[in-house]
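One-letter residues, chain by chain:
2 protein chains.
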Amino acid sequence: MPSSAGWLTRRLASLLQAQLHPAAVRLELWDGSSPYAAAEPSIGTLVVDSARTLRAILINPHLQFGECYMHGTLEVRGDLEAVLEAISRLSTAPTWRERLSSTLAPGNSIQRARRNVHHHYDLGNDFYSWWLDEQLVYTCAYFERPDVSLEQAQVAKMDLVCRKLRLQPGDTVVEAGCGWGALALHMAREYGVNVRAFNLSHEQIAYARARAAREGLAGQVEFIEDDYRSVRGEYDVFVSVGMLEHVGLHHYPSLAAVVRRVLRRSHGRGLLHFIGRDIPRPLNAWIRRRIFPGGYPPTLSEVATRVLSPARMSILDVENLRLHYARTLSHWSRRFAQAAAEQVRARYGEQFQRAWELYLAGSEAAFAAGSLQLFQVVFAPAEAAPPYWTRADLYRPRRHEDTENDFVYSVSP
Amino acid sequence: MPSSAGWLTRRLASLLQAQLHPAAVRLELWDGSSPYAAAEPSIGTLVVDSARTLRAILINPHLQFGECYMHGTLEVRGDLEAVLEAISRLSTAPTWRERLSSTLAPGNSIQRARRNVHHHYDLGNDFYSWWLDEQLVYTCAYFERPDVSLEQAQVAKMDLVCRKLRLQPGDTVVEAGCGWGALALHMAREYGVNVRAFNLSHEQIAYARARAAREGLAGQVEFIEDDYRSVRGEYDVFVSVGMLEHVGLHHYPSLAAVVRRVLRRSHGRGLLHFIGRDIPRPLNAWIRRRIFPGGYPPTLSEVATRVLSPARMSILDVENLRLHYARTLSHWSRRFAQAAAEQVRARYGEQFQRAWELYLAGSEAAFAAGSLQLFQVVFAPAEAAPPYWTRADLYRPRRHEDTENDFVYSVSP
Chain R
44 MPSSAGWLTR
54 RLASLLQAQL
64 HPAAVRLELW
74 DGSSPYAAAE
84 PSIGTLVVDS
94 ARTLRAILIN
104 PHLQFGECYM
114 HGTLEVRGDL
124 EAVLEAISRL
134 STAPTWRERL
144 SSTLAPGNSI
154 QRARRNVHHH
164 YDLGNDFYSW
174 WLDEQLVYTC
184 AYFERPDVSL
194 EQAQVAKMDL
204 VCRKLRLQPG
214 DTVVEAGCGW
224 GALALHMARE
234 YGVNVRAFNL
244 SHEQIAYARA
254 RAAREGLAGQ
264 VEFIEDDYRS
274 VRGEYDVFVS
284 VGMLEHVGLH
294 HYPSLAAVVR
304 RVLRRSHGRG
314 LLHFIGRDIP
324 RPLNAWIRRR
334 IFPGGYPPTL
344 SEVATRVLSP
354 ARMSILDVEN
364 LRLHYARTLS
374 HWSRRFAQAA
384 AEQVRARYGE
394 QFQRAWELYL
404 AGSEAAFAAG
414 SLQLFQVVFA
424 PAEAAPPYWT
434 RADLYRPRRH
444 EDTENDFVYS
454 VSP
Chain P
44 MPSSAGWLTR
54 RLASLLQAQL
64 HPAAVRLELW
74 DGSSPYAAAE
84 PSIGTLVVDS
94 ARTLRAILIN
104 PHLQFGECYM
114 HGTLEVRGDL
124 EAVLEAISRL
134 STAPTWRERL
144 SSTLAPGNSI
154 QRARRNVHHH
164 YDLGNDFYSW
174 WLDEQLVYTC
184 AYFERPDVSL
194 EQAQVAKMDL
204 VCRKLRLQPG
214 DTVVEAGCGW
224 GALALHMARE
234 YGVNVRAFNL
244 SHEQIAYARA
254 RAAREGLAGQ
264 VEFIEDDYRS
274 VRGEYDVFVS
284 VGMLEHVGLH
294 HYPSLAAVVR
304 RVLRRSHGRG
314 LLHFIGRDIP
324 RPLNAWIRRR
334 IFPGGYPPTL
344 SEVATRVLSP
354 ARMSILDVEN
364 LRLHYARTLS
374 HWSRRFAQAA
384 AEQVRARYGE
394 QFQRAWELYL
404 AGSEAAFAAG
414 SLQLFQVVFA
424 PAEAAPPYWT
434 RADLYRPRRH
444 EDTENDFVYS
454 VSP
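Chains as they are written, first to last, in our numbering: chain R, 44 to 456; chain P, 44 to 456.
Hints in this document: simulated from the structure, not taken from any laboratory.
Treat the hints with caution; some may be incorrect.
Said to hold, decoys possible - Short, incomplete list of chain R residues facing chain P, as computed with Cβ under 8 angstroms:
{"hint": "1", "residue": "Arg132"}
{"hint": "2", "residue": "Phe186"}
{"hint": "3", "residue": "Asp321"}
{"hint": "4", "residue": "Ala347"}
{"hint": "5", "residue": "Val361"}
{"hint": "6", "residue": "Glu362"}
{"hint": "7", "residue": "Asn363"}
{"hint": "8", "residue": "Leu366"}
{"hint": "9", "residue": "Gly413"}
{"hint": "10", "residue": "Pro429"}
{"hint": "11", "residue": "Trp432"}
{"hint": "12", "residue": "Arg434"}
{"hint": "13", "residue": "Tyr452"}
Everything numeric in this text was worked out from a predicted model, so none of it was measured.
Each residue gets a CB set at the ideal place from its N, CA and C atoms; glycine is no exception.
The shape of chain R in the complex, shown without the other chains (with noise of 0.2 angstroms):
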């Protein structure tokens, strides 16, 4: 058992606290003391096992928070997301440490790309349908109102980008980053379109086909098992969802240039969909490590300048839908910690599920803080007419549905 803090620790553990202070959150130590003054309230607590435990999170908190949560070293008391997102508040500039792990960050080079892919999507299909949706939608879903379940909020994702995409039957369409394939077959099975859709993963690639065969729509949907680097051919739609965010930055150009030679200049239309920021940051240095190597969410001005620029697009509608994102990790996280984590830590061990754990709560949290956006952006040739004239069309009412506008949402489900 380690000893009791000594006055150098118990300094370190005083700054720390500083820190959290105004987050109201409580730092305890190994032997049970606490800087925090007793009678104030606090949202929840952080207990650390050791000085050094203490020391490595106030010298790296973005990095080492995460580590010493995966390892058990530190414990958060209460609700995990509440105390991550209050703590998400504090920061809302980048750190000299980030601005320089931007710079410093490693292109994603189609052999790099392939292995962080491999690193995340290849975990095994049966992992991600212990708590995913049944289509196994793994991006943000839209909650048209609060009381839909992910099932359906998912599918009314699903149907929100093909209407933005304004899909006519016989279209041509490309998908970057496809998935288990849930948006390919949707967009053919309800629209009508004819759907090549791009992926590195082999087991999604798999799955993705063996639906389309049992579904009988396998001669409108072909999945290619390749880089979106290798499209070839003309499209009318080019639709991206949840790919952007690990494209990184030093790949723009080849994404535009693949936006700028696939996509019809006559009446083509595209859509991103994708994880953004307010201002240029790298993702937290613990998910980059542990979860997402390779990922870096764009701000809208970066996707604008150099990927739709280069590509000569126009920009005709940006939606933001991060408190979805938030609603929607907030039912992965229950689910998770309800059917999931048991079989998790069997197959993968303790720390592979605290970790997951700790990635769902606080993409939640940072959704929820507003550190995280998800920009939705429909854009079209610039020389080309826009498909419509308003976006009344996406909210018309298809059979005879509510339209009373007095829903109180929230982010937890």
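We have chain R already, so just place chain P on it with the hints.
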């Protein structure tokens, strides 16, 4: 009468004709000759009156096309807007002259801003009343359906802005650049908010105040003859429609400081409605000389990185309404030709009348061709929750309106 064209002049005419050829626009010299093959179809003809006019247009087309048209040394046969649109589609990249002029453009100090505003807006309320809608709204209208009048479309635009801002009774609103006051009065009358509206134009402010008094809204709307940089206090809502394009890049930091200072961090929200670009490029040189000194239509990125990021705002929603501005300008052009041209010529002279005719047609052409954009950007403080979850409430039919979507729009009314 000028002599017939010599060898050198014919060479220059061929050069200019070669540039115009992809636009199917014919060049005709003062002697009736043309380098354009008679058999080829054309959409219109430029008729130059002398070798001097020809040289001027060749050397500095962006400025001299307008100068020559205004002075009557250049005539356009055929539909003026169609010819200008075809020419607009030719030039997608900024020229070296344009890049240089952006670098050298003077900033709009408060004094210069005042002069620029007087140049344009103090022509007299009469002048604008001859060809604007009855409420004198001098910004892009919103055509919810193709069959609405300009009057209806201007009301629809004001209401769309109010809905995007989710105005609530009792909200305090600051408006930067309020024109003749129509939006401020609409917000107060229809949504029960309190507005402080800023404008540098003495004539416009006087008109707006009189109208507020007449409508019994003087207690709710205060019109202030001052620069937007003088705004003080804290507000729930910041709105600016059609001012940003007069601010100039150099002054975005002071606009950002105003937005940051005056908007409540807990629940504030704002909207910028402005003429913009896909890629950075100065306003046409002739328009800057004759119509809008100091004007600059920014890209979305310039607004995001120089105004909204420094103000610590998140972008929530962007809509590009460029075809709506083309249609608005088409209405204005038609009214100008039918109802105003005679009176304008009588009061201001023929050059002035031709300058405005060209400016309206050229602007319609630029929006129709996609060289100008019209952005509406909704934003909120980065740390505040967005004021809504979905955009559906913007498009809910208010009474029992038709919800079919078989509208056929065109730019011309």
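Agreement of hint R:Phe186 with chain P interface, Cβ distance less than 8 angstroms: Since chain P brings a Cβ to about 7 angstroms from R:Phe186, closer than 8 angstroms, the hint holds.
Was the hint right that R:Asn363 lines chain P, CB cutoff 8 angstroms? Cβ of R:Asn363 sits 5 angstroms from chain P, so the hint holds.
With 8 angstroms as the cut and Cβ atoms as the points, is R:Asp321 at the interface with chain P? holds, 5 angstroms
Chain P contact restraint on R:Arg132 - CB to CB distance below 8 angstroms: Holds - the Cβ of R:Arg132 comes within 8 angstroms of chain P, reaching about 6 angstroms at its closest.
Interface hint outcome for R:Gly413 [beta carbon to chain P under 8 angstroms]: holds, 5 angstroms
Would you settle whether the hint for R:Arg434 is holds or violated, based on the nearest Cβ-Cβ distance to chain P being less than 8 angstroms? Since chain P brings a Cβ to about 7 angstroms from R:Arg434, closer than 8 angstroms, the hint holds.
Status of the hint placing R:Pro429 at chain P (closest C-beta pair under 8 angstroms): Holds, because the Cβ-Cβ distance from R:Pro429 to chain P comes to roughly 6 angstroms (cut-off 8 angstroms).
Holds or violated: R:Leu366 as interface residue toward chain P, Cβ cutoff 8 angstroms? Since chain P brings a Cβ to about 6 angstroms from R:Leu366, closer than 8 angstroms, the hint holds.
The hint names R:Ala347 as touching chain P; please verify it with the least Cβ-Cβ distance against 8 angstroms. holds, 5 angstroms
So, as I understand it, the hint says R:Val361 touches chain P; can you test that by seeing if any CB pair is closer than 8 angstroms? Holds, about 4 angstroms.
Using 8 angstroms as the Cβ threshold, decide whether R:Glu362 counts as touching chain P. holds, 6 angstroms
Any CB of chain P closer than 8 angstroms to the CB of R:Trp432? holds, 5 angstroms
Against the hints set out earlier in the document, no violation occurs for any number.
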